[in-house]
Amino acid sequence: MKQVALRSVVVEFGKVRALAGVDVDARSGEVVLFAGPNGAGKSTLIRVMLGLVRPQAGHLEVDGVAHRVDNAFKRTLGYLPEAVAFAENLTGRQVLRFFARARGVSNARVDAVLERVDLSGAAKRAVRGYSRGMRQRLGLGLSILAEPELLILDEPTGGLDQAGLVVLWSILTEWREAGRMVVVSSHDLTLLERRVDRLCLLREGRVVAFDSPEKLRELAALPLRVTFGLATDRAQAADFAAAVDLALPGARRGEYNGALTVEVAPGGLLPLMDVRGSHADAVLTMRVEEPGLDQIYEHLLKAVR
Amino acid sequence: MGRVGLALILHELVERTRDRWVLVISVLFALLAAGVSLYGRSAEADSAMLTGPSLVTLAGLLVPLVALVLGHDAICGERERNTLGLLLSLPVGKLEVVLAKFLGRLLALVLAVGMGLGVAIVLAGEGQGAVLAKLLVPALLLGAAFLSVGVLISAGSERQATATSLVVAIWFLMVFFYDMGLLGLLVATDGQISQETIGWMTFVNPAGLFRVDMMSRFSGPEVLESLGMVVAVPGAGVRAALWTGWIAVPLALSGLLLVRARGTR
Chain A
0 MKQVALRSVV VEFGKVRALA GVDVDARSGE VVLFAGPNGA GKSTLIRVML GLVRPQAGHL
60 EVDGVAHRVD NAFKRTLGYL PEAVAFAENL TGRQVLRFFA RARGVSNARV DAVLERVDLS
120 GAAKRAVRGY SRGMRQRLGL GLSILAEPEL LILDEPTGGL DQAGLVVLWS ILTEWREAGR
180 MVVVSSHDLT LLERRVDRLC LLREGRVVAF DSPEKLRELA ALPLRVTFGL ATDRAQAADF
240 AAAVDLALPG ARRGEYNGAL TVEVAPGGLL PLMDVRGSHA DAVLTMRVEE PGLDQIYEHL
300 LKAVR
Chain B
0 MGRVGLALIL HELVERTRDR WVLVISVLFA LLAAGVSLYG RSAEADSAML TGPSLVTLAG
60 LLVPLVALVL GHDAICGERE RNTLGLLLSL PVGKLEVVLA KFLGRLLALV LAVGMGLGVA
120 IVLAGEGQGA VLAKLLVPAL LLGAAFLSVG VLISAGSERQ ATATSLVVAI WFLMVFFYDM
180 GLLGLLVATD GQISQETIGW MTFVNPAGLF RVDMMSRFSG PEVLESLGMV VAVPGAGVRA
240 ALWTGWIAVP LALSGLLLVR ARGTR
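For the protein sequence lines, the chains are A and B, in the order given.
Each residue of the first sequence is one higher than the one before, counting from 0 in numbering that gives the first Met the number 0.
Each residue of the second sequence is one higher than the one before, counting from 0 in numbering that gives the first Met the number 0.
Be aware that a few hints might be false.
Unchecked claim - Distance ranges between label pairs, derived from CB positions:
#1 B:Leu-37 to A:Glu-146: 23 to 29 angstroms
#2 B:Gly-183 to A:His-66: 46 to 52 angstroms
#3 B:Leu-5 to A:Ser-130: 30 to 36 angstroms
#4 B:Arg-216 to A:Ala-84: 53 to 59 angstroms
#5 B:Leu-5 to A:Val-287: 57 to 63 angstroms
#6 A:Lys-123 to B:Leu-255: 37 to 43 angstroms
#7 A:Ala-111 to B:Phe-176: 55 to 61 angstroms
#8 B:Tyr-38 to A:Asp-160: 55 to 61 angstroms
#9 A:His-58 to B:Ala-231: 22 to 28 angstroms
#10 B:Leu-255 to A:Glu-146: 31 to 37 angstroms
As the list claims (entries may be wrong) - What the simulated footprint calls covered on chain B by chain A, stretch by stretch (three residues with Cβ under 8 angstroms from a Cβ of chain A suffice, anywhere in the stretch; the number is not a length):
#11 137-148
#12 151-161
#13 207-213
Hints were generated in silico from the structure; no laboratory data involved.
We put the beta carbon where it would ideally sit given N, CA and C, even for glycine.
Same shape as in the complex, but just chain A (with noise of 0.2 angstroms):
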């Protein structure tokens, strides 16, 4: 499986329409992020991908070819659900002993699961005394253990402490370098942000933008963020910041704590440039910071309403 697209969907509930024709997709060796205001449709999109939801107009297509959600295409799939939950009375291993049964994996593979998401020690204990972060990760055991091409995984970062964020990554990483196929739907942009390859920005059931965030950076053009840590000289300090104001007028936005600081469009880095090199007295570090994905999606948003 090369690509895995829902073309042209169209969802509504009653007056509301939750998907307005929508084109989106996954290919191997790629995680697409989903994001999006509440109400989006990023998780009904997800359901379309499932079948839990039938669309009124649309469908799903595979390696280019129209498909059904039908067993053989869901035999491909892992998925976590938002609020992942379990069974109260059942043990973690129970759990997955199940789902395992179901999907015709070993039990030896359970227990590499287990190990895996770090819930070995926690396996014989009841659903009912595990933690957020616990059935998480129990989930996201659940969503890898038959090793699906296509991995869907939503609001998989909820609950998660740090350790079980790098359980996650690893997952991402794995999955990646297999060749296989991640969408992830999530409000973390900032968690996610080097970790996802596309993005697709959804806003009252229609695509804004889908693409890389190289891409969608350069689309919503932000200012870079310049910090400068100044030399404890006022004087040259001073003379610095005048140089600043002269060579970008009004791209100065502070000066505190020994530090200035200054917003500039991608094209004004190379008259910064300049400015530093001829005050290299006054400037001790420098340091670049690129508009997170939450910048941007934020931008992309307010543009498109």
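Based on these hints, arrange chain B on the given structure of chain A.
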């Protein structure tokens, strides 16, 4: 039944045997059945004549309750826990999910009823135990019918609390007050509804069919006449059709509700 369905049957059985409400009602049934059996054994009269009808009454009350409790959260419990989507993301059809949930819970019901009646049969002694064993299959049919109704209520309910209220109401209506309701209907209509119709209305309720059928078997048809039943217990074919209907129709409707739902959480 595919791999997922079979796994689900086992999963349901394991989960139900850990359900404290099912355990409480099952143990209560077993204790009461044991008490009835011991009392019958100590009586001087034919113990099966005494124990049988008492067990029929007891099973007629408690088996539907166990079954409804077993079935009430089959679908809406998953829906409320947000796990129905996870289950349906497996390579399995919605109808198979309904059937597997029913069968898994039916196995748990077999254990509960088997334990209750089994204790009574063992305690009744060798000769009488064989007579009481006649109760087993009809009691399981009764349980299966109410389990199917419980699953239907579950499939039609968004929340578990709603399903709980509905199964309690159904139990009171179909098991507890049904006969009184029919009597009230007879009096209220001043005989415009014939006793024959009332008789058939008794049989179309699985609780009524079980009770009348078993009373007739234990105490003879003359007992029914003395109770004012002017209609004979239906033949085996009609009884089989009634039981099949009560088990299959609610189950089919449950599947239909799930299949027709446009979205699944």
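Structure-based check of each hint:
no.	hint	in the structure
1	B:Leu-37 to A:Glu-146: 23 to 29 angstroms	57 angstroms, violated
2	B:Gly-183 to A:His-66: 46 to 52 angstroms	59 angstroms, violated
3	B:Leu-5 to A:Ser-130: 30 to 36 angstroms	32 angstroms, holds
4	B:Arg-216 to A:Ala-84: 53 to 59 angstroms	46 angstroms, violated
5	B:Leu-5 to A:Val-287: 57 to 63 angstroms	59 angstroms, holds
6	A:Lys-123 to B:Leu-255: 37 to 43 angstroms	40 angstroms, holds
7	A:Ala-111 to B:Phe-176: 55 to 61 angstroms	56 angstroms, holds
8	B:Tyr-38 to A:Asp-160: 55 to 61 angstroms	60 angstroms, holds
9	A:His-58 to B:Ala-231: 22 to 28 angstroms	59 angstroms, violated
10	B:Leu-255 to A:Glu-146: 31 to 37 angstroms	35 angstroms, holds
11	137-148	violated (count 0)
12	151-161	violated (count 0)
13	207-213	violated (count 0)
Violation of the numbered hints given earlier is confined to hints 1, 2, 4, 9, 11, 12, 13; the remaining hints are satisfied by the structure.
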